Amino acid sequence: MIDITDLQRDAITEAINISMGRAASTFNSMIQEHISLSVPKINFVSSEAALEILKLPHEKEVCYIMQKFSGTFFTSEAMLVFAQDESMELVKLFLGEDTPVEEMATLEREAMSEIGNIILNACIGSLSNILKDRIAGSLPTFRKCKAQTLFINEKKNEVLLLIFIDFGIESKAIKGYIVLILELDSFIKFKEQLLKSLME
Amino acid sequence: MLPVLTFQDVLSNIPNGVIIVDREGKIHLWNRWMESYTEISTDEAIGENLFTLFPEVKDGRVAFAMQAAIEYSQSSFLSHTIHKGIFPLFATGHGDHGYTCVDQDIHITPAQQDKDTYFAAIVIEDVSVAVTKEKLLKERAREEHELNQKLLQEVKERKQIEKKLRLSGAVIDATMEGVVITDAKSKILSVNPAFGQITGFLPEQAIHEKIKILKSGKHTKEFYKNLWHTLVNEGQWKGEFLNKKPNGELFDVEASITAIKDSNGVTQNYVNVFRDITKRKKNEKLLNKLSKTDPLTELANRRAFDESFEREWRRGWRHSHLVGIALIDVDYFKYYNDFYGHPAGDKCLQDIAKTLNSVIKRADDLVARYGGEEFVVIFSQNDPAGIVKLIESVHKEIFNLRIPHNSSEISKFVTISSGISWVIPDSEHSFSQLLEAADKALYEAKENGRDRIVSKPLDVER
Chain C
431 MIDITDLQRD
441 AITEAINISM
451 GRAASTFNSM
461 IQEHISLSVP
471 KINFVSSEAA
481 LEILKLPHEK
491 EVCYIMQKFS
501 GTFFTSEAML
511 VFAQDESMEL
521 VKLFLGEDTP
531 VEEMATLERE
541 AMSEIGNIIL
551 NACIGSLSNI
561 LKDRIAGSLP
571 TFRKCKAQTL
581 FINEKKNEVL
591 LLIFIDFGIE
601 SKAIKGYIVL
611 ILELDSFIKF
621 KEQLLKSLME
Chain X
-1 MLPVLTFQDV
9 LSNIPNGVII
19 VDREGKIHLW
29 NRWMESYTEI
39 STDEAIGENL
49 FTLFPEVKDG
59 RVAFAMQAAI
69 EYSQSSFLSH
79 TIHKGIFPLF
89 ATGHGDHGYT
99 CVDQDIHITP
109 AQQDKDTYFA
119 AIVIEDVSVA
129 VTKEKLLKER
139 AREEHELNQK
149 LLQEVKERKQ
159 IEKKLRLSGA
169 VIDATMEGVV
179 ITDAKSKILS
189 VNPAFGQITG
199 FLPEQAIHEK
209 IKILKSGKHT
219 KEFYKNLWHT
229 LVNEGQWKGE
239 FLNKKPNGEL
249 FDVEASITAI
259 KDSNGVTQNY
269 VNVFRDITKR
279 KKNEKLLNKL
289 SKTDPLTELA
299 NRRAFDESFE
309 REWRRGWRHS
319 HLVGIALIDV
329 DYFKYYNDFY
339 GHPAGDKCLQ
349 DIAKTLNSVI
359 KRADDLVARY
369 GGEEFVVIFS
379 QNDPAGIVKL
389 IESVHKEIFN
399 LRIPHNSSEI
409 SKFVTISSGI
419 SWVIPDSEHS
429 FSQLLEAADK
439 ALYEAKENGR
449 DRIVSKPLDV
459 ER
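Chains C and X supply the protein sequences, listed in that same order.
According to the numbering used here, the first sequence is numbered sequentially starting from 431.
According to the numbering used here, the second sequence is numbered sequentially starting from -1.
The hints are simulated quantities; they were obtained by calculation from the structure and are not laboratory data.
Hints may be right or wrong, so weigh each one.
Stated by the list, open to error - Covered stretches of chain X, going by a simulated chain C footprint (3 or more residues, C-beta under 8 Å):
#	segment
1	64 to 75
2	100 to 107
As the list claims (entries may be wrong) - Calculated lysine-lysine pairs in the DSS-like style (CA-CA distance at most 27 Å, straight line):
#	chain 1	residue 1	chain 2	residue 2
3	C	Lys522	X	Lys82
4	C	Lys574	X	Lys82
5	X	Lys210	X	Lys236
6	X	Lys113	C	Lys619
7	C	Lys562	X	Lys113
8	X	Lys183	X	Lys216
9	C	Lys574	X	Lys136
10	C	Lys574	X	Lys133
11	C	Lys498	X	Lys113
12	C	Lys522	X	Lys131
13	X	Lys131	C	Lys574
14	X	Lys242	X	Lys283
15	X	Lys236	X	Lys223
16	C	Lys522	X	Lys136
17	X	Lys113	C	Lys626
18	X	Lys162	X	Lys236
19	X	Lys236	X	Lys213
20	X	Lys279	X	Lys290
21	C	Lys522	X	Lys133
22	X	Lys454	X	Lys444
Because the structure is a prediction, the values reported are computed rather than measured.
Backbone N, C-alpha and C define an ideal beta-carbon position, used for all residues, glycine too.
Build the full structure now, drawing on both the sequences and the hints.
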C-alpha cells in the first residue's frame, strides 16, 4: 500500500537532488567552505520501521528542525534530523571553528533553524514543482530529543517519506535525514497527484 | 465598548519591524517600529522599492526568501548568528546600543491578498538585548568555567602532592634512619618507626613533648648555641649528638636538622633525620685505644707516648710547669730471655708494667712501653724530688716482686735501672733534648753498676 513505483521514486529522488543543489549553492554563498548536498535514496515507510531504516540507535541524542507544510493535495510535517554530534559539526562550519564549545550550544538553535529552513524549503519547493502545486510552509522550530522518541507521537496510519541527505564538506561527511510525515489520505492524494503530473 | 482596531493599528504597535513587499519589492506596509529603527517615515517608505532603500539586501538571502514566499508560499528564517546586521538598523531610542547595527532575526513569510496576489511579509526582531544578555551569561559562564578549571587544577595538584607525601611517608616509615618532625618551637609533631627503635621512646611518649627529652646533658651550652646559630642562618645543621634513652642509656647519633620554611620564609617545622652511630663510636674508641696501646703490657705504646709527650711539653711551656721524663730499663733482660725463654720474658714485662701502673697513678702522668725492655714515664706538674721518690718506689716494688733472675750479674732477682731528667719547657729547649738527657742519665746508671737511679735536670747536662 505504501509502495510507489520505481519510476515515481526516481522522479522524486531526482527532483529533490536538484533542489539540494540549490540549497548547497545558498550555503556556499553564506560561508567560505564548499558544501555539496546529495540524496542517495528515499524510502516510504511506516513510523514503526523508520528508526530501523535510519539506523539511529535508540539512545542517540538527536536534534531536528520541523516545519509544517500545506498544499492543495496534502498537508505534512517535515523534519530534518541530525545526530547531535553531526549537528554541532554543521554549526561549527557556519560559525567558525574557533567558536567556544559552550557558546556553540547556545547558538545551535538559531543557526540550525536557518540551516534546516533552507534545506526543508528547497526540498518542499522541489515537491511543489513535481506536484505542480503551491505548498505553503511555516517557520522552522528546533528541538532535541533521544532518537527513540522522534516518532513517538506518529499515528499508525501515517506514512513517512525518508529522504537521506549527505553533506559533503571537505573531509567530513555529515548525514541528515528529511522525514516527511504524511497522513494516509494525504499520502494517497500525494501519490495520485504524482502519477498525474508525471504523465502530463 | 472595545475600541475598533484596524490591522494597521495592530501592526504599528507590535514590538517588531514589519514590512510587506510585493513581487517587485515595492513596499506596501511599513510599521512604526521600522520608522524608529530606520528614521524612514511610513509616508516615505510606502510605494518605495525595498532594494532602493536597502541596496545591500538585493542579492542575498532576503531577496531569495522574499521570492520563495511569493512564488512558493515558503517561510524563511534568517538568524543573527549567521548573518550580521542584514538591515542597517539602529536603535536610536535605546541609548545603550548607540549606533551599532542591531542584532536581528528575520522571518520572511508569505502573505496572500487574494487568489493570485502574493506578498512577502518581512518581520524583523531586535535581538540585541538578548544577545547582550547572552554574551554576559557566556562571559560569566566562561569565567565560571575558568574558575572551575583553576580549582580542578588546584585539586589535581593537591592530589599529586598528597600522593607524593604518601609516597615519601612510606619511605620515611621504611627508612632505617630516625625521623622526627617538630614545630618551630621544637615540639615533636611526628616520629617514624626507626625513631622508636633508635631512641627507645614510644611515639606516644615523644609526640607533643619537646625535642629536649632526648638531651643527654653531655653537650655544652656553647654547642647548642652554635647549632641554633647555624640552623637559623643556614637552614640546616649537620653533626653528631650524644642523646639519652628513657632508661638513661646514652647513644650517639649523626644528625641532619633542616628548617622547613613557608612561602614567606618563616620557619614552620624542623625535620631531624638521624642515624644511630653508637656502635661506630664504640668501635672508633676501641680502634683508637688499640692503636695507642701496647698489646703485651696494655700500657700506652710508643706512638701514644710521642703524642702525649709533645702535648705535655706544649702544656708545660704554656703554663710554665715542669715536665719530667723517666726512662726505665730492665737489667740484663736479654740474659733473662735467653735463660727463661720468651714467654717468661713477656710475663716479666707484664709484671713490671703492672707495678709501674700501680705506683704511678696520677692522671697527669703517663706510663708507656718505650720499646723492648724499656719503659718511659712522663711526669707533668710534679717537682723533681717527687719524681725521684716515685721512681724509687717503682724500684722497690719491682725488687719486692722477687722475680728470679739467675742470669743477672748483680742480683738473684729482676732489677731495673732508671734515668730521670726534667725541665720547664721554653724556647731554649726541645722535648727531644729532654728525652736525650733522660737517656744519658739511664746510660750513666747502667755504667755505674745498674739497679740504680740517675737523675739530673736538663740544664745541668749542658
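Next on the checklist: With the threshold set at 27 Å, check whether the alpha-carbon distance from X/Lys162 to X/Lys236 stays at or below it.
Outcome noted: holds (26 Å)
Item to check | Pairwise hint evaluation, X/Lys444 against X/Lys454, where the allowed Cα distance is 27 Å at most | outcome: Holds: X/Lys454 and X/Lys444 sit about 15 Å apart, inside 27 Å.
Checklist entry - Holds or violated: are the alpha carbons of X/Lys242 and X/Lys283 at most 27 Å from each other? => result holds (19 Å)
Checklist entry - When you check the alpha-carbon spacing of C/Lys522 and X/Lys82, does it fall within 27 Å? => result It holds: about 16 Å lies between the C-alpha atoms, which stays within 27 Å.
Next on the checklist: Just to be careful, I want the Cα atoms of X/Lys210 and X/Lys236 compared with a cutoff of 27 Å; is the pair within it?
Outcome noted: holds (17 Å)
Checklist entry - If you draw a straight line from the CA of C/Lys562 to the CA of X/Lys113, is it 27 Å or shorter? => result holds (16 Å)
Item to check | Distance restraint between C/Lys574 and X/Lys133, which requires alpha-carbon spacing of 27 Å or less | outcome: Holds, at about 23 Å.
Checklist entry - Can the restraint linking X/Lys183 and X/Lys216 be considered satisfied, given a maximum Cα separation of 27 Å? => result holds (22 Å)
Checklist entry - Would the pair C/Lys522 and X/Lys131 pass a check requiring their Cα atoms to be no farther apart than 27 Å? => result holds (22 Å)
Checklist entry - Is the hinted pair C/Lys522 and X/Lys133 satisfied, with a Cα-Cα distance of at most 27 Å? => result holds (18 Å)
Item to check | Restraint status (C-alpha distance of X/Lys279 to X/Lys290 at most 27 Å) | outcome: The given pair, whose Cα atoms are some 17 Å apart, holds under the 27 Å limit.
Item to check | Restraint check for C/Lys574 with X/Lys136, where alpha carbons must lie at most 27 Å apart | outcome: Satisfied, since the Cα-Cα distance of roughly 21 Å is no more than 27 Å.
Going through the hint list in order, the structure satisfies each hint without exception.
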